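Student: These protein sequences, in sequence, are chains V and Y.
Here the numbering used here is used: the first residue of the first sequence is 1276, the next is one more, and so on.
Here the numbering used here is used: the first residue of the second sequence is 1276, the next is one more, and so on.
Treat the hints with care, as some may be off.
The list cannot tell twin chains apart, which means a pair is met if one copy fits it or any two copies do.
What the hints assert, rightly or not - In the SDA-like style, the derived pairs of lysine to any residue whose C-alpha atoms are separated by at most 20 Å in a straight line are:
1) 1630 to 1725
2) 1438 to 1395
3) 1818 to 1413
4) 1368 to 1818
5) 1681 to 1405
6) 1391 to 1369
7) 1351 to 1387
8) 1723 to 1819
9) 1351 to 1379
10) 1527 to 1636
11) 1527 to 1626
12) 1527 to 1406
13) 1681 to 1404
Simulated from the structure, these hints should not be mistaken for laboratory data.
Keep in mind it's a predicted model, so treat the numbers as computed, not measured.
Number of protein chains: 2
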Amino acid sequence: KSPITASSSAVASTYDTWCGVAHGCTKKIGLKICGFLQRNNSLEDKSRLVSALKERQSSRNLLACENSEKEGRFQKTETDFSNLYARDLLPAKNGEEQTVQFLLEVVDILLTYVKKTFDRSTKVLDFHHPHQLLEGMEGFNLELSDNPESLEQILVDCRDSLKYGVRTGHPRFFNQLSTGLDIIGLAGEWLTSTANTNMFTYEIAPVFVLMEQITLRKMREIIGWTNKDGDGIFSPGGAISNMYSIMAARYKYFPEVKTKGMSASIIPFFLLNILEFKAGAALGFDICTSLPGCLCVYVQGYIPLYVTATAGTTVYGAFDPIPEIADICDKYNLWLHVDAAWGGGLLMSRKHRHKLNGIERANSVTWNPHKMMGVLLQCSAILLREKGILQGCNQMCAGYLFQQDKQYDITYDTGDKAIQCGRHVDIFKFWLMWKAKGTVGFESQINKCLELSEYLYNKIKNRQEFEMVFEGEPEHTNVCFWYIPPSLRGMPDSEERREKLHRVAPKIKALMMETGTTMVGYQPQGEKVNFFRMVISNPAATKSDIDFLIEEIERLGQDL
Amino acid sequence: KSPITASSSAVASTYDTWCGVAHGCTKKIGLKICGFLQRNNSLEDKSRLVSALKERQSSRNLLACENSEKEGRFQKTETDFSNLYARDLLPAKNGEEQTVQFLLEVVDILLTYVKKTFDRSTKVLDFHHPHQLLEGMEGFNLELSDNPESLEQILVDCRDSLKYGVRTGHPRFFNQLSTGLDIIGLAGEWLTSTANTNMFTYEIAPVFVLMEQITLRKMREIIGWTNKDGDGIFSPGGAISNMYSIMAARYKYFPEVKTKGMSASIIPFFLLNILEFKAGAALGFDICTSLPGCLCVYVQGYIPLYVTATAGTTVYGAFDPIPEIADICDKYNLWLHVDAAWGGGLLMSRKHRHKLNGIERANSVTWNPHKMMGVLLQCSAILLREKGILQGCNQMCAGYLFQQDKQYDITYDTGDKAIQCGRHVDIFKFWLMWKAKGTVGFESQINKCLELSEYLYNKIKNRQEFEMVFEGEPEHTNVCFWYIPPSLRGMPDSEERREKLHRVAPKIKALMMETGTTMVGYQPQGEKVNFFRMVISNPAATKSDIDFLIEEIERLGQDL
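Could you build all of it, start to finish, from the sequences and the hints given here?
Tutor: See below:
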């Protein structure tokens, strides 16, 4: 069928043999060589394969041959979608061609979006107020109805959904801890949606379950835990990962709470920051929010139990001194959790990982690859030094969910470790990115972001137009600063100045969103009035984007 | 650039005008007409547009013209991926072409997979034991390394990950409550990953946040709540949705638990089933698992608080009698939660929704569109009749997360209602499916699945090879049955027969997975030994697939 040159006929014949058993069978013979040799291939087949591979490596004949095929497997053709509906797609009879054409059209929209996302002449967003979008932009109607819309309209809806959204992968989007659009991660997520399975059991997600296990082990090694059999699981986000750690600690110290409720034990006392606060309140604990520098472990009538050290706080990007906290935990037999949702990525960098020194003394660690490592949302891991606790605290022995008499080794089933039943596949995109970049790729990506934040810090720290929020160099990529508009420069500190300054960042941010050129977050913190928090986690950002942001803030704020 | 006929020149010129502001700009002029008219277009532009639209509707000239463009916007070209790496893709300089080619190659793999998924000659799975995959199938190495792999290898990894996985969209995959591969949903999920944002705030997900609000309102209407301002949120799954309901009930009755912990109140008493059991244990409650038919509300020393009625149990697909339970809840002022994770889909069917009669009396409802409605994983909603409770019980007033001084109406921000900070966009695929099918499309899809289960039930209920697990017609698509192999037919009930029968389903299931032809779940339940639980939620399944399953069970079990 495909034109094959004489020199590659041995490969072609082996390829044909494989075709019967392999599912992929694309025209990329070269690719298939690595992937689809079956167990039952004879030795002869293997030697033919090896010589074919050698041939391929020595010349590029085979590749040239492949490339002589001008047609892709799937070709976009003339399709009128205005008379086609969802019901005409697979599994509809003869729905194959429409399905392919529809999906190719969607891919066209997505590729256009991807290209433009990295194009600095594209806006970061095209801002509209809620009421504007709700009233319906021309042709974009958010309401749902009883009757179906044509695929043509569905394609328009797809375009509009992107058009009125925010380009979080844009090199000038600095608004969140999660930014960027990693192409390998994107491919991974497209594949994940296509596989559409569930991390519940090995039975229905064999490859993904193993990838999760391998990746978690690698992450534990990087944390520095030397025992082989720690544990962990990917959860829907940092808040839930932290919740897992609290449940694990509670189970470790008071296993009876699981079956008898919180009344079974004296209510433990926690040291928590605001993020754990949500989880702790959810779980029914008394809460004591930690104060900086205050590690008050004893409160009358309570049993201390659990301490969180934060590695990379949300606003300042600060790292708690883990060794000192670990010493206290050792002394009083407390569970040490390190919330490295944001800072965990720095473990990948030989240059920066010292900021998390002592993390290997933690009992549990939250680490969100969807933040500093640029993995697509959602991707958060809770890692535990000790095996068995997750299982112990979450398993309900529901035989109707997890059969014990399967033909494979059921220790690979993950459902009894999770608080969820269905669990989304968050691992594949991350695993694929790791494969594609290697540990060194993550390292250089992370180093680059930190260099950029250093550049920003050095650029503005001594300028009269800016004032830094905290002393010294940022530990993470968080750079917190006030923009001081001309009208406030030189004005001595006073309530009036504070009130005025408090209104500067929101005004600039509003203008920024209206013009759509860039986005950066702001907030007040304690006594400090609204300031900008710049964070850099997007590998697409460069010095020129930092320069742009600063100029844009000055431009938008000059008349305030 | 594109060949445009004279008759469409007016459109072409308007099109050019839009191009500067629109992001999509594909060659599909016809599509763009609806989507991209800008607010600032002049009246003249609009009238030109209208006449262009009319022209388009009256003839098909324009479309013919469009279709005369043989080239797609993105064309697959000769690309040697063996020397390309992740670092060569965007945001790399000149990385655009490689990015497009790489993603098109991935799409090729995915489209092949999609096509084969619906092809009954394809296996459902190619089973391997964990140790086999871990040892590495030829060329498929799951281990992560320090150094990057070429994009060629990454593409191989993508193919292999699909090859060794399970085709959950296959018409003969009946193993889970979530099955099928909806093409519109798939397109929606690809777009969601490409947009890669977070449901945190309107600021970064304006379109998705509004879609969520509109869809939740629609779902509440369908439940039958007549008040306009209920509430709800999409969560990562049914277990977490149920957890939300428990937290909401606790907050409603004992708001002080939020800040003071569970010791602040007498520990409430719950009626729970096994799924809420996990959530309840997590939250630190004393648990009383409900017994069928036993609505014992009083236990000494406890305050009753919360009752769950299940609409569609996991194994039998049974529906609790909601009106009777609601009467008791009214009498004793209890929170009524309906867990309709599995059964909720039936609300879309005029024929079957009576099974959930009384659901409008609930205080909260869990409803997972990723189950009976065929939405891709994950998609689960928790719906509340009363507004304000979610916000009340989860907001922590973290000004650094949720600024109150934004330029838009911040009541659209969802972060303070959630227990999560980052929250995956689960709404878009569901919204898009609803647009594409309409309510009536979901209705017919669901009716069809129920017809198939009726077909199965009628087919096997009176045959000597099968024995039904419960009396009467199934209420949902769950059909539970034992296959009785020849050696056990006619044998009177005895411990020996029970033991032997217990081993039948696991054996057949193992053979089924080895041959890879179909998959169906089994489990014991209470006193009942292992039986098959057939569920149908895949719109791709037909009577022939049901016939196939039954024949396959008989074929694999005939010698047992």
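Student: Of the numbered hints stated earlier in the document, which are not met by this structure?
Tutor: 3, 11, 12
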